[in-house]
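One line per chain: the protein sequences are A, B, C and D, in this order. Residue numbers for the first sequence follow this note's numbering, beginning at 1 and rising by one. Residue numbers for the second sequence follow this note's numbering, beginning at 1 and rising by one. Residue numbers for the third sequence follow this note's numbering, beginning at 1 and rising by one. Residue numbers for the fourth sequence follow this note's numbering, beginning at 1 and rising by one.
The hints are simulated quantities; they were obtained by calculation from the structure and are not laboratory data. One or more hints might be untrue.
Copies of the same chain look alike in the list, so a pair counts if it fits in one copy or across any two.
Unchecked claim - Okay, derived cross-link-like pairs now, EDC-like style, lysine to aspartate or glutamate, Cα gap no bigger than 20 Å in a straight line: (1) K112 with E72; (2) K112 with E63; (3) K74 with D199; (4) K163 with E60; (5) K309 with D111.
In this text, all values refer to a predicted model and were calculated from it rather than measured experimentally.
There are 4 protein chains.
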Amino acid sequence: MANTIGKIFTLTTFGESHGPALGGVIDGCPAGIEIDFDQIQLELNRRKPGQSKIVTQRKEPDEVEFLSGIFEGKTTGTSIGFIIRNANQKSKDYNHIKDVYRPSHADFTYDKKYGHRDYRGGGRTSARETVNWVVAGAIAKQVIKSIDINAYTSSVGDLFLEKPYQDLDFSQTENNIVRCPDAAIATQMIAKIDAVRKDGDTIGGTVTCVLKNVPLGLGEPVFDKLHAQLGKAMLSINAVKGFEYGSGFCGAKMKGSEHNDIFNADGSTQTNLSGGIQGGISNGMDIYFRVAFKPVATIMKEQETINSKGELVKMMGKGRHDPCVVPRAVPIVEALSAMVLLDCMLIHNGAKASF
Amino acid sequence: MANTIGKIFTLTTFGESHGPALGGVIDGCPAGIEIDFDQIQLELNRRKPGQSKIVTQRKEPDEVEFLSGIFEGKTTGTSIGFIIRNANQKSKDYNHIKDVYRPSHADFTYDKKYGHRDYRGGGRTSARETVNWVVAGAIAKQVIKSIDINAYTSSVGDLFLEKPYQDLDFSQTENNIVRCPDAAIATQMIAKIDAVRKDGDTIGGTVTCVLKNVPLGLGEPVFDKLHAQLGKAMLSINAVKGFEYGSGFCGAKMKGSEHNDIFNADGSTQTNLSGGIQGGISNGMDIYFRVAFKPVATIMKEQETINSKGELVKMMGKGRHDPCVVPRAVPIVEALSAMVLLDCMLIHNGAKASF
Amino acid sequence: MANTIGKIFTLTTFGESHGPALGGVIDGCPAGIEIDFDQIQLELNRRKPGQSKIVTQRKEPDEVEFLSGIFEGKTTGTSIGFIIRNANQKSKDYNHIKDVYRPSHADFTYDKKYGHRDYRGGGRTSARETVNWVVAGAIAKQVIKSIDINAYTSSVGDLFLEKPYQDLDFSQTENNIVRCPDAAIATQMIAKIDAVRKDGDTIGGTVTCVLKNVPLGLGEPVFDKLHAQLGKAMLSINAVKGFEYGSGFCGAKMKGSEHNDIFNADGSTQTNLSGGIQGGISNGMDIYFRVAFKPVATIMKEQETINSKGELVKMMGKGRHDPCVVPRAVPIVEALSAMVLLDCMLIHNGAKASF
Amino acid sequence: MANTIGKIFTLTTFGESHGPALGGVIDGCPAGIEIDFDQIQLELNRRKPGQSKIVTQRKEPDEVEFLSGIFEGKTTGTSIGFIIRNANQKSKDYNHIKDVYRPSHADFTYDKKYGHRDYRGGGRTSARETVNWVVAGAIAKQVIKSIDINAYTSSVGDLFLEKPYQDLDFSQTENNIVRCPDAAIATQMIAKIDAVRKDGDTIGGTVTCVLKNVPLGLGEPVFDKLHAQLGKAMLSINAVKGFEYGSGFCGAKMKGSEHNDIFNADGSTQTNLSGGIQGGISNGMDIYFRVAFKPVATIMKEQETINSKGELVKMMGKGRHDPCVVPRAVPIVEALSAMVLLDCMLIHNGAKASF
């Protein structure tokens, strides 16, 4: 089940960048949830290519067609099938990579693993897959409406939004094209990405995500810890190289006397270096984590590489690519968060029922 | 299946710190593997409490009893049950936490989630659970003997082993009690942990792990990417706050032109910022990753906290605790790595067979 | 994952009888398999409504559109998405059951479980779902070509094909519309179904399936026994009330001295009451099993029933229904068999590889 | 996960007949359930060898030791590990089968699949494994106390208890050693088994199970239908050859007008040929099903067979075996039923919670 995420609320996906369509099956969604289709489209638009000058200029309508599981506007509890047709395929842009392995792309590993692959646009390795996740995440969000999920761009290259998340106004995140809730830093980030783009290069960055009003008790002990599930989900996103929650890698430099979160009488804590999770289980405080994205591998510069015969060749990036994936990754991080939380809630609720 | 890791090669575990025993069931182990029991005990000894002055002074024999699945010294392909009896329980050390929630421990979340818990020694939340993982990992290592798995302590607090792993001699890792392959840094790390311990405090750190000779093609696309599986496994270890592989969080600061790994004619790459994985699938280069551990929450200092009635109380750490978990985490990181790799190999091998 | 079958080779499905489409995601299919699309359509035609006078007269083209996972005619090893558009929906045929629970249908249980359902044509409870299984089964068959899978109608009502399967010529199965390989009995069966149909009634029956050339060693001990997996798959088909393999319920009347299969020197057995499986694992002999189908619940006679308000009402079957599902169930039984066998092979092959 | 049953409430087992112990891990049991250990032992006693003259005369204490997950007499919500030590191993009884494949046993298939096996007492293929299931089932029963689970012997050879279950007094089941609630038939069954035993032979039989007070709505559509889950569980029991529920194979002979269950105004039905399940989901009526057991393969008569070299040899059954498994299978059928029902309840409850 390499194309499935979740245990009870699950998403199983398919689709290649230049095939007829992407899509998936959402299973385990509770019945009777009213679906706001406009809201789903809004989420898709946040991920959509061509939305601004600092993302890929491909044009894809990214319209989802639901095929089952929703009747008269409400979920029925049965599986929800959906597809998103690919519209703007310029497959000839990819003829040059038919037999050439792009550096730091998955062309080589897919070819070696499977022996036969759809090379066009990266095929199954394309981040176009994440359109499916945004659909499922948008539905999950509508089930767990009381939880606030806010992701944002927290760094681009070496330019960091240093403010703690508590000092940010998340209502500002969508007010700029880089999705950084601090307008001043956002301007710098946009300039940086734009400069990199003009140079035919790309740049990495990080996304931070904050989950508020998560009920106490989500996550399971040992191997299904809430942060392990979140981590696995985030590490599934194309280009992700790292995940940390709460104090993260900084916490590894600290002493226990500095790191411990002292309780208030109501069970909340004075600090929250734990990141809202103790022993793998949500403690009612904000959950926050950070995801590292490497720079996009396709650059508009000549690079040396090899072809499938093992010959050294020169290649030049073609097509329309993101100079920085981070702005479009923000809704993806949110979508996966929503799916993980809902899945954990379904399991937790089941065990809490009286028998 | 919150207590299970893996899909084909699986480990399902049980056990509390102060219960009669820990143990587990290893399922999906191939048949006919000769088991070196001494080697398993050696791995257990690497994780064992009381092995040096910089770890907890608890004494546990940590002897594993195998109950099934191994016959005449070889695996039979059926499930391998095992137990490790708890020997050195000083449960009265924990009476003081029966109704008190220790700061940054899971006492509070378990109590809220389950309403009833074994508080002694942290019960199921204790890192004593990882003894089970070392057993299963030791068996997995014996199945995939051709793969080299080397973890080591790469930082303690703000003291970092800066050398790249390529410059290290992993045969030195076990030559010092902190498990850092650089003797000079190891001495400093030991001194740092010792100082922290004497102060009744604790300190965090990181473990780096390097996997050599991993066959090309392990890992699955989309949601079962090899690094996502490794990440989830590592995030399951007590006290872990972050995971990064290859260039990790540093990669998020870089440009594509700096980050891309240029191929050699044989399919290897000149650099390896990718960390041996492309598109979730091993590319034959070394896999390496880094795991961040927070400082142990139990400190020998008075802290304010609350009890189960929501009253503010003072508490003082008791019992025998690690001032730094990192030295004992090294074999745990290796064990989980071995389990993940074997699981991926079984799935990959199945699909590669001819039909 | 209520809509998923399999562990490595998996099918996850969606779709309602009168929704826009049915479809699914096939995951874990090995790469490099050449797909014969005509063969898939032939299998779909065997299941198709309207194919003869003894099945439902609905007209559905049942054309599958593959959306991913197949490139240049060969599988790529990635997930295969597909849809089958619903064409011949006469939803108004079902207005009369919007608030009425048809006897021995799932209207009542779905309404009570979910509170909101697509009642048209039975929605998700419709056997139209099995069109998805035939697609996935047709692909599985193309992977395991060396295995012969032959199902056939073995009884209709109290009319039984008494001959043992060894005396049948499976090449005759498709030569009559009831799919019974004995022409004489087939004629009687057809007459029986036709009479029942004219009377506005329906009738049950059984399908027998024979699997030849199954490799030794498929199936797993304890909970994934090969026959348990086959049984679960068959019990998933709409209207199935029973499953038996080998000697089945007759075996329960026998003595050990009668029932034991004595070995030949080559490991084959003189008799095969075991049905090709010992201890849950295939032994190389023919596997055979029998599946019982109840009569279709929708009859063209007035019945008393209740509506959603708990009022007693009269209702009369409408629409176009099968007088007997068995002829159309034959390809469905084969499809599920192929999926189960391939899934077991992938797991078995993985463990048999050398390490 | 060949040794695991269940999705949320799971049991993962290990153990060979003549190894040191059997045991397992129960995961997903809700917290706070008071455990009646005497009741567990009573269930084990019902399955125990040596309990009467018509079962195997092996003596096993069959005492379970719980190792985790239960604290101060109540479940904690964490995994419950347990072991049952093997006490009465007469391994030398099995030297004669070290290289000989017993007819209609799994010796041959295990040897071919795995190449290395514990032959003593059948090793992992022994029905001794079911002791684990009785432990887990006994715990599941204590969680779902409001459901009545009653299995009984419904046939031995060609001797059938013809009365419908509605006419039986289940309180009589344990009053005779064959576990048939009709005293007169029980006497005949006992005589039949005794006669077969004296002849060195064995005999098959069936177990019927009735589940009363099952809440409406358990089971999932499509591939996790309640009866499919029950069927798979029952087909996992050693020697089972068939499963039917409700009208079963008889239903396949009937017409729709005879078979349909007409509703009462309250949603109950006048008849219950459906067997309490519609569309895979419980409808609140009694669930009942029947399980067919073949005769035990080990007989005390000389049989021809082969050894691992493919030579024809004569062999004679040795050791202490059941002449008929059915009396001891009754508690096993109940145990699996309880596990399946609880697992379905946990999933159903999770989705029914408000969000």
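Treating 20 Å as the Cα threshold, decide for K74 and D199: within, between, both or neither.
neither (48 Å within a copy, 39 Å between copies)
When no copy is specified for K309 and D111, does a C-alpha distance of 20 Å or less occur within a copy, between copies, both, or neither?
Close inside one copy (12 Å), not across copies (44 Å); limit 20 Å.
When Cα atoms must be at most 20 Å apart, do K112 and E72 count as within-copy, between-copy, both, or neither?
between (47 Å within a copy, 18 Å between copies)
Which holds for K112 with E63 at a C-alpha limit of 20 Å: within a copy, between copies, both or neither?
neither (34 Å within a copy, 33 Å between copies)
Identical-chain pair category, K163 with E60, by Cα at 20 Å:
Classified as neither: same-chain Cα gap 35 Å, cross-chain 46 Å, threshold 20 Å.
This entry does not satisfy hints 2, 3 and 4, going by the numbered hints stated previously.
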